[in-house]
Every structure is written in structure tokens, then in C-alpha cells.
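**Student:** Go ahead and model the full structure; you've got the sequences and the hints to work with.
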Amino acid sequence: MYPILILILLISVIYLFFKLEKKSKEIDLLKKQANNQAQITQSLLTTFDLNKLLTLILESLTKGLSLNNAYIYTLEGSETTGLLRCVATPGVISLRGIDRFSIGFLEEEEIISQSLKSRLPLVVEEASKDRRCSASLLKLLKLEQMFLQTLYAHGKILGLVIAGNYQKKKKFSAEEVNRFSIIVSQAGIALENAQFYEKIQELTLHDELTAVYNYRYFYPKLREEMRLASRYRQPLSLAIVDIDNFKRYNDTNGHLAGDSALKQIAQILINRLRKTDIVVRYGGEEFAIILPVTNREGAKKILEDLRKEIENYPFLGQEPVRKLTISAGISTYPYDGREAKELVETADKSLYKAKSNGKNQVCIYGQSL
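First residue of the sequence shown: 936, per the working numbering; consecutive thereafter.
Bear in mind the hints are in silico, worked out from the structure with no lab data behind them. Heads up, a few of these hints could be off.
To be verified - Derived DSS-like pairs: lysine-lysine, alpha-carbon spacing no greater than 27 Å straight-line:
| id | residue 1 | residue 2 |
| --- | --- | --- |
| 1 | K1182 | K1210 |
| 2 | K1276 | K1290 |
| 3 | K1103 | K1156 |
| 4 | K1064 | K1182 |
| 5 | K1294 | K1243 |
| 6 | K1235 | K1258 |
| 7 | K1077 | K1106 |
| 8 | K1288 | K1236 |
| 9 | K1236 | K1210 |
| 10 | K998 | K987 |
| 11 | K1103 | K1074 |
| 12 | K1290 | K1198 |
| 13 | K1156 | K1235 |
| 14 | K1077 | K987 |
| 15 | K1182 | K1198 |
| 16 | K1106 | K998 |
| 17 | K1134 | K1156 |
| 18 | K1294 | K1258 |
| 19 | K1210 | K987 |
| 20 | K1106 | K1064 |
| 21 | K1134 | K1077 |
| 22 | K1182 | K1134 |
| 23 | K1276 | K1156 |
| 24 | K1091 | K1052 |
| 25 | K1182 | K1284 |
| 26 | K1276 | K1288 |
**Tutor:** What follows is the structure, given as C-alpha cells:
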């Protein structure tokens, strides 16, 4: 009898050992998942660059949840008649929108409409058999199994996240649904924080009066453009522009008229230049213009056109014989300087030459007027 009892006891001990080992592994797995989730949350809430944040959200969804694909949308307009503009999917991030994945006519897409009205995750196990999923949506997303959840923060709908698999795998577990929901909930708050941070950054880099970029923005941007010019072996020109006799105009007409003239000149520069050109308020009545992929002759033509337009502009209170005009000095990379400071110095010397020779002129560094 004793051998049987000992055998039963031994079997019980072995059973308990394996059960405890299994529980231990489950606990270790839960700890690991909790740590991963904490790391994801911390990363999301401490990333303020929008492009990096969107990449991080995508990776958290696809790699973190082992999903084939994911789409991040921002909502433009109302949740019934607006547009869901796709801004990120693995391999493509564009804050302006990825048109081919954008979704319109929201009220006609039942699953989308349901998701936007709820803050909770929706689960679609077989999209091809789910009457809430239209044929056009299936063709667009190419997902058979998916999660959907609203991007939401502080009472405001920011957009929508859709993530899933091209083919149905095993049914999503409650734990997977919960992890998806946590990621999207944290992503909504993180996205709002990043958008707010970007707006603040944008404000700090713009001149309050003229709305063009300010001096703080100038040198980092000039260095960046010079690096691009070097990489692609393209010229880059820099123009320093000064308003002639601005102090006299200011003293005669008052500071409000002077401020108005500065704003008007800044607007002329913005309107006449290309989208790739950068206008900076460099000092009191000085502007700097960075002209990528532009040689000396091209820069001279651009600045001459600007000079003539400003000369003929009807500024308030100016005297017919003493019109507001500009002088400009131009230097070109790599010929007149290979460093940002050197390029600025040569442009400044050209400006001084234009002013010394009678003003209302454009001078290229190293060339006679």
C-alpha cells in the first residue's frame, strides 16, 4: 500500500510542479507584455516630432501586435460628411495626406461611421462576409481581419486607426483587443501633444510682424540647404535685402506706416518667389532669401524682378521722388563660400557695395555693377 501512496504523492508533486511552471511562464509573459506596453506608452507620450510619432504608432501596431498593415487617418470636417485623410501607413508618411488611401462619404461606410461614433475598438473577423464593410472599402484597405478605433483626445475626435491582416488568422483574443485599444488611446493623446508642440515651434520660428521666418530659423535652414546642395552638386544662392531709406520713411510717416510697409514687402517677396525659396526677416529692415538650385544669373534675375516690383509699389505716404526701394547683395554656393557664415559675409559685402553705389540695386559678389 505504501508504494502506491508514494507513487500517487510523487505524481501529485510532478503535476503541481508543471502547473506552477506553466503559471510562472504565464506570469513572466504578462510581465513582459506589461513592460512592453509601458515602454510603448512612454515612447508615444515623449515623442513630439509628428513624423517620428506616426512611425512609432505604426510599429507599435504592426510589430507589437503582429499585424500585416495599419492606416492612420486624420478627420477633416464632421464625422458624417467630412474626409478621413490617410497620413501614415507602413512605408509612407505624409502630413499632407496619401490620397489613394483617403476615405470620403463617411456616412455611407457603415463600419467607419460606427467606429467614429464610438470610442471603443471595433473588431472585424471576416471583412468579406461582414455587411458593414463595403466592397470599395475592402478594395481600398485589402484587409480581411481588422481592428478600428477612433483617435480621440480631450473630447475631440482627431481621426481613426485601422489595422489588421490581409487574410484571416486565428480569432483576435480579448487581450489583443485590449492591447490595440490601449495603443490607440495613448496615440490620440500623443498626437494631440505633438500637434500642439509643432504649432508652438512654428510660432517661435516666425516673425510676429511679417509672418515670414525669423533669424532663429535662418542659420539651421541655410546649413541644411547647403548640405543638400553639396549632396546633389547643385548651386544655391543667398540674397541679403535691405530697404533703402527706411528710417526716413518711418520718421516721416510713423511706426504704424513703417510696420505696414514691412508687411507689404514681406508679402511681395512671398508672392513672387517659388515655393522652394525661403524668406527670413534677418534684421530690422533686412530680409534674407535662400534660393535653392539657383545660380548667380538666376538669382540676379529673381532679385531684379523683386526690386522693380517694390520700386513701383504704392506705399502709403511715400514721396514721388523718394520711393521705398530695396538693395540686395547675392552670394552663391559653392563659389562664394562653403560655410554658412562665409556665404552670409560675402552676401553682406555685396549688399554694402549696392548701397554704396547709390542704392536701389542688385549686386553679385565678385562682379562689378
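**Student:** Indicate, hint by hint, whether the structure satisfies it.
**Tutor:** These are the hints, each one checked on the structure:
1. K1182 to K1210: Answer violated: K1182 to K1210 is near 31 Å, above 27 Å.
2. K1276 to K1290: With a Cα-Cα distance of about 21 Å, the restraint between K1276 and K1290 holds, given a limit of 27 Å.
3. K1103 to K1156: Distance ~48 Å between K1103 and K1156 Cα, so the pair is violated.
4. K1064 to K1182: Measuring from Cα to Cα gives roughly 75 Å; hence the hint is violated.
5. K1294 to K1243: holds (13 Å)
6. K1235 to K1258: Given that 27 Å is the threshold and the Cα spacing comes to 22 Å, the pair holds.
7. K1077 to K1106: Holds. K1077 to K1106 sits at ~18 Å (cutoff 27 Å).
8. K1288 to K1236: Satisfied, since the Cα-Cα distance of roughly 18 Å is no more than 27 Å.
9. K1236 to K1210: holds (17 Å)
10. K998 to K987: OK: K998 and K987 at ~16 Å, within 27 Å.
11. K1103 to K1074: holds (16 Å)
12. K1290 to K1198: holds (22 Å)
13. K1156 to K1235: Holds, because 21 Å separates the two Cα atoms, which is no more than 27 Å.
14. K1077 to K987: Within the cut-off at roughly 25 Å; holds.
15. K1182 to K1198: holds (16 Å)
16. K1106 to K998: holds (18 Å)
17. K1134 to K1156: holds (18 Å)
18. K1294 to K1258: Holds, at roughly 12 Å.
19. K1210 to K987: Satisfied, since the Cα-Cα distance of roughly 25 Å is no more than 27 Å.
20. K1106 to K1064: The given pair, whose Cα atoms are some 15 Å apart, holds under the 27 Å limit.
21. K1134 to K1077: violated (35 Å)
22. K1182 to K1134: violated (34 Å)
23. K1276 to K1156: holds (12 Å)
24. K1091 to K1052: With Cα atoms ~12 Å apart, K1091 and K1052 stay inside 27 Å; holds.
25. K1182 to K1284: Given that 27 Å is the threshold and the Cα spacing comes to 21 Å, the pair holds.
26. K1276 to K1288: holds (19 Å)
Violated hints for the displayed structure, listed by number in ascending order: 1, 3, 4, 21 and 22.
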